[in-house]
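Top line first, the protein sequences correspond to chains A, B and C.
When you line the first sequence up against my numbering, it's residues 1 to 286, in that order.
When you line the second sequence up against my numbering, it's residues 1001 to 1268, in that order.
When you line the third sequence up against my numbering, it's residues 2001 to 2283, in that order.
A couple of the hints might just be wrong.
[Unchecked claim] Straight-line alpha carbon distances no greater than 30 Å define the calculated DSSO-like cross-link-like pairs of lysine-lysine that follow:
1) B:1235 - A:167
2) C:2078 - C:2063
3) A:142 - B:1196
Treat the hints as calculated values from the structure; they're not laboratory data.
Nothing here was measured: the structure is a model prediction, and the numbers come from that model.
Each chain, written out:
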Amino acid sequence: MSIIEAAHVSYDYIRRDEEGNIEGEVRAVNDVSLSIAPGDFIAILGHNGSGKSTLAKHINALLVPSEGTVLVDGKDTKLEENVWEVRQSAGMVFQNPDNQIIGQVVEEDVGFGPENMGIPTKEIWERVEESLKMVGMYAYRKHSPNKLSGGQKQRVSIAGVLAMHPKCIVLDEPTAMLDPNGRKDVIRAARALNDVEGVTVILITHYMEEVIFADRVFVMDEGRIVMQGTPREVFSQVERLQKLRLDVPQVTLLAHELQKSGLPLPDGILTAEELTAELEKLRDAG
Amino acid sequence: MIRDITLGQYYQTESVLHRMDCRVKLVATLAFIISLFIVDSWWGYVLAALFLVLCIRLSKVPFKFMVKGMKSIVFLMLFAVVFNLFLTPGTPVVSFWKLRITDAGIRMALQMAIRLTMLIIGSSLMTLTTTPNHLTDGMESLLNPLKKIKVPVHEVAMMMSIALRFIPILLEETDKIMKAQIARGADFDSGNLLQKAKAMVPLLVPLFIAAFRRANDLAMAMEARCYRGGEGRTKMKPLIYRKSDYAAYGVLALYLVLMIVVGRILPI
Amino acid sequence: MSLKLEHVNYIYGSDTKLAVHALKDICLEIPDGQFIGLIGHTGSGKSTLVQHLNGLLEPTEGKIFYDGRDIWEKSFSKKELRSNVGLVFQYPEHQLFEVDVFSDVCYGPKNLGLPKEEVEARARQALRLVGLSEEYDKQSPFELSGGQKRRVAIAGVLAMRPKILVLDEPTAGLDPKGRDEILGQIAHLKRETGISVVLVSHSMEDVANYVERIVVMNRGSVLFDDVPREVFGHVKELEEVGLAAPQVTYILHQLVECGFAVDRQATTIAEARDTILNALKTG
């Protein structure tokens, strides 16, 4: 059974003028269907305004579809009585590291979710400790979040979601405001909780190097899913990605350029090692 | 500027007062302030001062650190003292020009100085030894009975702790926007009051927009983490009285009894 | 009209125990019409350095000269300096405040005390330079997309007609499309106006395609100051300070290790392709 099942989901933003009259509707998500298996690492790509963040908010029941249904762990997000269970099984980490930390001390922030769920005090402490260790922030548990770097703050946010023991975690552009080092740490934490804890991870991003490890990639444009498959399948379509104004990893791009110049290289080369190995093969053959 | 005010800023160290339940400290501070204004006896002040010195000793906060913070309000105190000195009616002791100093005035001024000094030291001792979030926790717990008459105690406490979390962030933001506008030739320092107020617009508008954006984001993040008000919420750090806290209440009661007795037996 | 830094040191909170030596003996010259990339990771001192360039911070030690004059001399007007050295902060769209795009861009030149016609002419020109056509003039800046807002903010600084434009991470938080547009626009206005541009970034890939000189900062000091291909040659040192050379450089280094006769100094994809093809042909 899949953990997330979206069937023909559409979502309309209603635009209002200054007097509050309806000016028009904007279809942010358009007839999206997808199914995600438990334990998968999923990446959703697309540039700003492609509808990927709107789609993400459906998984956490922060938004409910205008049309279609979203089932999270078998529960319909549209039903009022399911909302809290849905939010518990699908946690969410947002883009701005400063605007999602509530506590004034790291450990108190991580405890915020379990407190809301009514978990007994002793168990909250166990969960906080375990989650902070998972993301490598245990040493900072007594620190003020204001003193942490962006990447550290995002890892605290991930721990905060983890402490709620979700089955699935949605990361909505968690690295967009970070520097390269912070980005690496956050992605490493996300991969670890997928590998070690078996939590389903849905990573929304526009950085291509972050999706190479994903099990499946979805590319969105104008509210629709326009490409999907394994990273290799998706990245083998270099021209299509470029038309969507998305980045392609430089290795893939270089391989593609070499291919165009007549070298018989396979499609969808993702790492420098792969490219070197292929070029060696060519050299030894020729 | 704002960062320079150290009055009552939490001072990190290990002490009996730091470990004490915040509710005890809140109640004690309140009782101490009331006792200062009820008692009308020099011996009472001596007793209050002794009690305060004992607490300062127990807190392990360096006295210097406390005094440094008080510099910012010396002016306020002087004002109150001078006001009392000159404007209390009674038998004149000294008089020159239109001003008269009366014996009652001298006494009032002295009393005011003593009361204010002890009040400020006493209450800053509380904030020096208690983190802001413990303070909000303590207030929430003490005001809990008010929930019965529909006072949103939990919500107010939550708002206070969020405000405390975001004050440093917004200060930093102010600094950034200010620099950005200075880089565009803004001038926040010169001109008359009206011009200065006008110059603030390019600072305040972006600041408000930023604050609202943050509030919006934060509300969503809280909702995503199952926040739905105080109902059914458990506490990671619940407030539990320990034996030492009951003992502290005992000491406080003893102090209050002594104050009342001294006030009765040894009036001024 | 060059800007020259001589042995600049800056210490945060120098009178407290928590003093941080943020800049250490920086010597740097920004000549006319150069396109410079200033690279360093968070905390390397690059943002502190940038604030020295237009007099927002005063060096604890050392001197800064604009056009041969010490900018911290009493007679030197800070306003004049700031109109000559334009600084665009990170997330500059957060400084927008006016009701419409055009008025916001007018704010800078108006502060310079210019006549109304001149102010408006400059604002108009600045907006066109960043690629925003007249139809945006009367729109509220808050209704634009992230990339457009940022361009309005850059125009706000450009309208002061600086000789040197410093941009602190102009691509932060933008998607690839927005990033390419902004960088393209900056390169375009560099060509159009011939001013010097200092592009602050932590991404080598971003700057590799545009700049003619790279200054690498680490722990408050200048680590490298050279043309891109020379700087990227120090792959190991860059990695040690938490920076990465462009991916292309890595691939080429790896190929050299495997015995390919490729030119390690190629920095762009096209250059890399050519040198690989060449190596395969001759090998």
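Now the hints, each set against the structure:
1. B:1235 - A:167: holds (23 Å)
2. C:2078 - C:2063: holds (15 Å)
3. A:142 - B:1196: violated (42 Å)
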